[in-house]
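Asks: Spelled out from the first residue to the last, the chains are:
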Amino acid sequence: MDRTVLLIEDEPNIIEAIGFILSRDGWRVATHSNGVDAVGAIETRKPDLVILDVMLPGRSGFDILRDLRAGAGTADLPVLMLTARGQAQDREMAAALGASRFMAKPFSNAEVLEAANALVRP
Amino acid sequence: MPGSGLIGSRIRERRTMVAMRQADLARKVGISASYLNLIEHNRRRIGGKLLLDIAAVLGVEPVHLSEGAEAALVATLREASAAQPTAGAEVETADEFAGRFPGWARLVADQNARIGRLEQAVEALTDRLAHDPHLAASLHEVLSTVTAIHSSASILVETREIEPEWRDRFHRNIHEDSARLAEGAQRLVDELDAGQRREVTLNSPQDEVDAFLDAAGHSFPALEAGGRPEEVLAEVDFGTTAARALARDRVGRIATDAARLPLERLAEALDALPEDAAGREGPDPTVLAEHLGVSPGLVMRRLVALPDDLQDRLLPAAPGLVIADASGTLLYRREAAGFSLPRYGAACPLWPLFAAFTRPMFPIRQRLRLAGRSEGTFLTHAVAEPDQALRADADPGLRAHMLIWPADHDEEEPPRVGVTCRICPRETCASRREPSIMARGA
Numbered sequence: 194m195d196r197t198v199l200l201i202e203d204e205p206n207i208i209e210a211i212g213f214i215l216s217r218d219g220w221r222v223a224t225h226s227n228g229v230d231a232v233g234a235i236e237t238r239k240p241d242l243v244i245l246d247v248m249l250p251g252r253s254g255f256d257i258l259r260d261l262r263a264g265a266g267t268a269d270l271p272v273l274m275l276t277a278r279g280q281a282q283d284r285e286m287a288a289a290l291g292a293s294r295f296m297a298k299p300f301s302n303a304e305v306l307e308a309a310n311a312l313v314r315p
Numbered sequence: 002m003p004g005s006g007l008i009g010s011r012i013r014e015r016r017t018m019v020a021m022r023q024a025d026l027a028r029k030v031g032i033s034a035s036y037l038n039l040i041e042h043n044r045r046r047i048g049g050k051l052l053l054d055i056a057a058v059l060g061v062e063p064v065h066l067s068e069g070a071e072a073a074l075v076a077t078l079r080e081a082s083a084a085q086p087t088a089g090a091e092v093e094t095a096d097e098f099a100g101r102f103p104g105w106a107r108l109v110a111d112q113n114a115r116i117g118r119l120e121q122a123v124e125a126l127t128d129r130l131a132h133d134p135h136l137a138a139s140l141h142e143v144l145s146t147v148t149a150i151h152s153s154a155s156i157l158v159e160t161r162e163i164e165p166e167w168r169d170r171f172h173r174n175i176h177e178d179s180a181r182l183a184e185g186a187q188r189l190v191d192e193l194d195a196g197q198r199r200e201v202t203l204n205s206p207q208d209e210v211d212a213f214l215d216a217a218g219h220s221f222p223a224l225e226a227g228g229r230p231e232e233v234l235a236e237v238d239f240g241t242t243a244a245r246a247l248a249r250d251r252v253g254r255i256a257t258d259a260a261r262l263p264l265e266r267l268a269e270a271l272d273a274l275p276e277d278a279a280g281r282e283g284p285d286p287t288v289l290a291e292h293l294g295v296s297p298g299l300v301m302r303r304l305v306a307l308p309d310d311l312q313d314r315l316l317p318a319a320p321g322l323v324i325a326d327a328s329g330t331l332l333y334r335r336e337a338a339g340f341s342l343p344r345y346g347a348a349c350p351l352w353p354l355f356a357a358f359t360r361p362m363f364p365i366r367q368r369l370r371l372a373g374r375s376e377g378t379f380l381t382h383a384v385a386e387p388d389q390a391l392r393a394d395a396d397p398g399l400r401a402h403m404l405i406w407p408a409d410h411d412e413e414e415p416p417r418v419g420v421t422c423r424i425c426p427r428e429t430c431a432s433r434r435e436p437s438i439m440a441r442g443a
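Residue numbers (the working numbering), protein chains in the order written: chain A, 194 to 315; chain B, 2 to 443.
A few of these clues could be false.
To be verified - Derived DEER-like restraints, expressed as beta-carbon distance ranges:
no., chain 1, residue 1, chain 2, residue 2, range
1, A, A311, B, D194, 41 to 47 Å
2, B, A114, A, S216, 38 to 44 Å
3, B, A223, A, E307, 37 to 43 Å
4, A, R314, B, R366, 51 to 57 Å
5, A, R314, B, W167, 51 to 57 Å
6, A, E307, B, E91, 28 to 34 Å
7, B, P436, A, D230, 27 to 33 Å
8, A, D230, B, E282, 19 to 25 Å
9, A, A281, B, A223, 31 to 37 Å
10, B, R107, A, A281, 35 to 41 Å
11, A, A263, B, A186, 36 to 42 Å
12, B, G117, A, G233, 49 to 55 Å
13, A, D230, B, E159, 40 to 46 Å
14, A, A265, B, W167, 37 to 43 Å
If you are wondering where the hints come from, they were derived from the structure by calculation, not from laboratory data.
Computed from a prediction, not measured in an experiment: that's the story for all the values here.
All C-beta atoms in this analysis are idealised placements derived from N, C-alpha and C, irrespective of residue type, glycine included.
Let the sequences and hints guide you as you build the complete structure.
Replies: What follows is the structure, given as structure tokens:
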């Protein structure tokens, strides 16, 4: 069984690069690039892992995470948060809302792979 | 350690340094020259008021005379060592160090003071990063682009046997992103350069007063209880008299509003709203105003003055409020979550706040979407009302109010407005007055 990941991010070139390295690593990758209906996309696709950018068009990643943690089916879903503002307050906010892991841009491909594989074991 | 017996020597040393004659100093503090002479030769004890007087005439701190500059230096050395315990400075030998190497000791003390000042400056700059939306937007852009380039470049280097189509695609992405990065980096440099000039506005009286109001949550229990503005301002330390005068005006207005519409009456009116009106959307200030027999502007100003507990109980969310005068200058600002207000420069001309000026006293209710990364939806109520009593041939001092409620996303697409042109991503906007620093919207 392939592990599935849903990458929710709005920078097309980041989507392409992260999507590429994850699929080379054996993940099945789906992408989504706006915040408004991200929760719906997660509920429909039921991925093993969600990689979620904080700054999304339409809706903040924090709001999406809050909904996920409140939802019955997604309360324990591994969520890796990405942000381009490595500020302590973003990190605290992510932790308080129940993010499984937090990563500040710029990150390396190896870090993303390591985090993804640590959150969902092959 | 210099003992108290050497006070006289220090007085003499200091007096010689400022080139004052013994007789002159003696006369100024009301003692005889011969008595001062005895003191200076440590043959008479001195303390109390006489010491304070002599210190004042010589222009030094009394402690400088009673304990010596060395004591102050030793204290600073101890402070420096406490600030950096890992260095392992031998605290117990601080006075020996200051005594044997006074020059080096002063260097350490001065550097300690300098580090303190630099740390404060860094803190102010960090604060700027958190509160300057222009700088934050530029930085975000640069970091995202760097991430994309970094990731694509690593793939090209690290992936063995990459298909030519993929290789070409990543090459193209890097090329595009590097152009974006060059542009973004230039904007960031411009922003940082502009920071120098902006220091002035950062500390402007308006900023200082805004910070004061934000810290108080725009709510002053003393004023609600009928207290005078002076009571609220007595304990506050403003940097400039202009800021104090401005704060006096703002707080005075809050006090007047509080007297005209006490919080209990507003709370009753909110409680009395029909279920659907008080539901998930923020209440309509014109409905409340009619019910209370006051102007909608007053209701808006009072809604943002509700203390947290009442806000939590009676309102669906904390509202934002901006008030502008006829020049478009924002006089009062309170942010609603997700609707940031421009800190520098003017706001977006598409705000209903400004439309309100075209028909004074005509309330506007408009739902809108805020262009930007979060694209939040908001319900706004705007109205322009006279600030002055109406008199023939006198300017009524119109002030436009715009109350901002965070709202749910709607099926219909509400008009999209920005915060301010510089950070607005709207690509085609007939009202744009300056280019955006957002790379893709530029």
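Asks: Against this structure, judge whether each hint is valid.
Replies: Against the structure, the hints:
The hint said 41 to 47 Å for the Cβ distance between A311/A and D194/B, and at roughly 42 Å that hint holds. Against the hinted window of 38 to 44 Å, the Cβ-Cβ separation of A114/B and S216/A comes to about 57 Å, which falls outside the hint. Range check, A223/B to E307/A: about 55 Å between beta-carbon atoms, so the 37 to 43 Å window is missed. One distance hint, 51 to 57 Å for the beta-carbon pair R314/A and R366/B, holds here, with the actual separation near 54 Å.
Evaluation of the 51 to 57 Å hint for R314/A and W167/B yields a failure: the beta carbon distance comes to about 28 Å. Look at E307/A against E91/B: about 45 Å separates their beta carbons, and that is not inside 28 to 34 Å. Taking 27 to 33 Å as the suggested C-beta distance range, the pair P436/B and D230/A conforms, at roughly 32 Å. Separation of D230/A from E282/B is about 22 Å and conforms to the stated range, judged on CB atoms against 19 to 25 Å.
Between A281/A and A223/B the C-beta distance comes to about 34 Å, which sits within the given range of 31 to 37 Å. Range check, R107/B to A281/A: Cβ separation about 37 Å, and the 35 to 41 Å hint holds. Judged by the Cβ atoms, the range 36 to 42 Å given for A263/A and A186/B holds: they are separated by roughly 40 Å. As the Cβ distance of G117/B to G233/A is approximately 53 Å, the hint placing it in 49 to 55 Å holds.
Between D230/A and E159/B the CB atoms are about 34 Å apart, so this pair departs from the stated range of 40 to 46 Å. At about 39 Å, the CB distance of A265/A to W167/B agrees with the hint of 37 to 43 Å.
The structure shown violates the earlier hints numbered 2, 3, 5, 6, 13.
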